[in-house]
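Chemist: Chain residues, written in single-letter form:
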Amino acid sequence: MRRSDFLIKRAVFAIVTVFVAITINFFLFRVLPGSAVRNLSRVPNATPELQQSLEEQFGLDKPLWEQYVIYVRELLHGNMGVSFSNQQPVSDNLREALANTIPMVALGTVVAIVVGVITGVLSAWRRGTKLDRVSTNTAIAFYSFPTQWLALVLLIYLSAWFPSHGRTDDFLFHPTWWEHQMDVLRHMALPALTLALTLYGEYTLIVRSAMLETLGEDYVLTARAKGLTQRTIVTRHALRNALLPIITLIALSLGYVVAGTILIESVYSWPGIGNAVYQAVIERDYPMLQGAFLVLTVSVVFFNLLADILYFALDPRITE
Amino acid sequence: MSLLEVRDLHVWFDLPEGRQLHAVQGVNLDLDAGERIGLVGESGCGKTTTILAMLGLLPPSATVAGDVRLDGTSVVADEEEATRPHRWKDISMVFQGAMNALNPVKTIEAQIVEPMTLHGTAEGSAAKKRAGELLEMVGITAGAGARYPHEFSGGMRQRAALAMALACGPKVLLADEPTTALDVMVQAQILELLTELTRDLGLALILVTHDLPVVAQVCERAAVMYAGEIVESASLDDLYHSPGHPYTRLLFAATPDLYGEEAVLSIPGAPPRLDRDIVGCPFRERCDRAFDRCRVERPVLREVGDLRAAACHLNDEPVGSRT
Amino acid sequence: MGMRSDTLSDSPEDIQADLASGHRNWLWGIIKESRQAKLGLIVLLVFVLVAIFAPLLAPYDPRQQVGPVYAPPSWQHPLGLDDGGVDMVSLLIYGGRVSLIVGFAATMVAMVIGGGIGILSGYFGGRTDQVLMRITDYFLVIPDLPLAIIVAAVWGPSLSHLIFVIALLLWTTTARIIRAQVKSVRERVYVKRARSLGASDLRIIARHVLPQIGPLLIANTVLTVAVAIFDETALSFLGLGDPTSITWGTIIEFSFLRTAISSGAWWAVIPAGLCVAIVIMACFWLGQAIEDALNPRLKVSYVSPRRFRMRLPTTEDDR
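Protein sequence lines correspond, in order, to chains A, B and C. At position 293 of the first sequence the residue is numbered 293 (the working numbering), and the sequence of numbers has no breaks. At position 242 of the second sequence the residue is numbered 1242 (the working numbering), and the sequence of numbers has no breaks. At position 59 of the third sequence the residue is numbered 2059 (the working numbering), and the sequence of numbers has no breaks.
Hints are supplied without guarantee of correctness; some may be wrong.
Residues of chain A placed beyond 12 Å of chain B at every Cβ, according to the derived structure [unchecked claim]:
no.	residue
1	Glu49
2	Val115
3	Asp170
4	His174
5	Glu202
With a Cα cut of at most 20 Å, we get these calculated SDA-like pairs of lysine to any residue [as the list claims (entries may be wrong)]:
no.	chain 1	residue 1	chain 2	residue 2
6	C	Lys2183	C	Ser2196
7	C	Lys2299	A	Asp218
8	A	Lys9	C	Leu2132
9	A	Lys130	A	Phe142
Think of the hints as simulated: they come from the structure by calculation, not from any bench. Since the structure is predicted, the reported quantities are computational estimates derived from the model, not experimental observations. Using N, Cα and C, we set each Cβ at its ideal position, and we do this for glycine too.
Whole structure, please, built from the sequences with the hints as guidance.
Modeler: Here is the structure:
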């Protein structure tokens, strides 16, 4: 199938999926028991004006399907309602939360990828040896640890060296730009480390598997027949070829990482989107919950699409 | 002294529960420069293993005994680093199914240049130029080197693989079923190319195949392998007209004849298991001329005429009862 | 057995593979062959047995205070006491019960849904297949945990809700795998024969399709249980499980809510997570080993740290 055709198909699928998610989002909150849910205007401590304006915006007195249409329309304008907890627009809250999550996730993911690739390649090269068994089982172990539990364990042992709460130090007054960055970085250490440890196991297994596939291909035998060293073959031939499935699989996993941040941010009180979900659940802040769910779904869809694009961009075998 | 000498080559493969598979059972081979010999046999007879052993490319589950000498120096050594320099520069190989033998993410040119740079044959632009010349030699335009393997047809890929094999000017070329996956027309072309090139460049060629017409087109002599050993070695003419081993005779008779009306003869039965010692002649179960001696004594490969050898007891019997 | 099939290649790997392929289709045989599978199975059995015999094995009542809050490990209480003064060992044993039950139950439900959809999709093909697969695709893309959170949050905390929610996350992978298997089985000769003889679809599914996909279904089930238990701990941690029940997930949750860490009570945190991890690993070993045996990627690597061996010439003839 031609490249452009396939990509258009995938993009359309992505958009449709987002709509399905929006629809599920909408009906889920209105169909299940609990009337507080239905009423987006029931913002606690809201002024009558606010309530009135919300009712108008979301047409809360109109029939259900009309509400749906209005909901979607408002969504396209970036209006997701008002948070029950802090009476601020949901979209603003989410924007800030996302801005906090992304650096932390980026740090953790990059570390996980680097470590995962190194251990995966070594395991595949030395398949069957003790190194392989130890490395693979360690990867499986970290993959099996409950994320929130891992976060707690790190807290137990490392809280002497790293801050365990929040994103900034409340007692750091008027910090310089540099001091502030360092402060944030210190606070980011444990959450990012937790993420890295949880993720790297999966990546090790992915890389190892992809490498084993490649190392059994005939062109590897040809490379050996040519007199190339094993190290050259593994790092410059096999890895190059294995990169394709590796990258696409990693891109796919990233979508779900965002969901994993819920467990990490709640433990460390990191003010990101995961924590926003956690708080929203505790405080029954339904507009926030709805908004966050949508953001998380869109991120998964986005990364899936990215994986498809990367796959097609990187494989020289697919031609126009 | 021949260019390539194989002396008493044995290869065993480890099997579960401590057993071993005796895949190559004492193979001897002599090859001179410019000579083209075929290594013929059914699948599983050990021919591929034999040539892989020459390049030291056997898996860790293998045990090797014997010697392979190129120009007098042994190339199968205890250390990988002793063998590695010889690869491609002295002995190179064309594999079965070039579809997969070429790296899909590198250009053809890059793959031809690579061994040149590694072994010091040529560098940089000189290497690229030489790559272009090699491609022309095999019937591909030099410019096509910038393309990727998947952009070539099967036949072209095999030509490219051939060009790649000649990159460092080897003395010996090993070809393992080079045309099996190709259609008949392309097969003939490739084989002709192979014959021409080896003749023009003075290479020695070992062509491994189970397909007799292929051997007939390219080689002057052939060694027939069965159950890990060579059972007959002679000129193609002799093998066809006066085979010295029942297997050879049946093998040639089993080849489909496009023009004749003869029924296609297939050899019933299967080769013997190689994970246990063979008593008597390995071919006796399927042989149509087996007799008592075949059951107890294993035949030895010995001279049975001018530049021919065979391993069959029938050659010891009086003339009338021979194959 | 042991006779060579007619492959075009006589490469060493194929020769070996052929001779070794005697006994692969028996599930028990598979497990016996793999050390990994045996280990996984034994560990799982241990946990299941402990869970079943919980009342006999637990030294104390898991809801009864037997000492001060967060008392450290001692001879009578090897894993100390939790935030309510309850013995940790007993908590873990009883917690294992519920965690395993939730895990297995959710998996069963997911198997029924996923397996059912997979079989229908794979067997009937056509429109049915397309529609069902579209639905599966959408489900796959929606992130697991957030969906579960929303459903659980809005529905209310209870164990049965939890089981259903987890099942909701799990069925898609199963459906996909089963569908692929069913499709390939469907094309087999004996199924076609049965259909031409007029056997009903149901009969064919029961007599022919199910036994063939059985082993793979079992492997998938085991791996799903691992994910189910993982999900349970996650959801319980977020307060979406049943707060009155004792599971490994709620043990971790309470340790967090009741500041076990600042109190230095590592024993309230670490053992529960370890139990979860060990069970998940065991499931992974067992399930993966079965899957590997059924879909062998017998691809030999052409690169390896060890080299072939050279046998030095001896005086005796090797023949």
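Chemist: With d taken as the least Cβ-Cβ distance between Glu49(A) and chain B, does d exceed 12 Å?
Modeler: Consistent with the label, Glu49(A) stays out of reach of chain B, its closest Cβ about 63 Å off (over 12 Å).
Chemist: Is the claim that Val115(A) lies outside the interface with chain B correct, judged by CB distances over 12 Å?
Modeler: Correct as stated: the minimum Cβ-Cβ distance to chain B is 25 Å, above 12 Å.
Chemist: Closest CB-CB distance from Glu202(A) to chain B, is it above 12 Å?
Modeler: holds (25 Å)
Chemist: Check the hint pairing Lys9(A) with Leu2132(C) against an upper bound of 20 Å on the C-alpha distance.
Modeler: holds (19 Å)
Chemist: For the pair we were handed, Lys2183(C) and Ser2196(C), check the Cα-Cα distance against 20 Å.
Modeler: holds (18 Å)
Chemist: Check whether the Cα positions of Lys130(A) and Phe142(A) lie no farther apart than 20 Å.
Modeler: It holds: about 18 Å lies between the C-alpha atoms, which stays within 20 Å.
Chemist: What's the verdict on Lys2299(C) and Asp218(A), does the C-alpha distance respect the 20 Å limit or exceed it?
Modeler: holds (11 Å)
Chemist: Is it correct that the beta-carbon of Asp170(A) has no partner in chain B closer than or equal to 12 Å?
Modeler: holds (53 Å)
Chemist: Taking C-beta pairs only, is His174(A) more than 12 Å away from all of chain B?
Modeler: holds (54 Å)
The earlier numbered hints are all upheld by this structure, with none contradicted.
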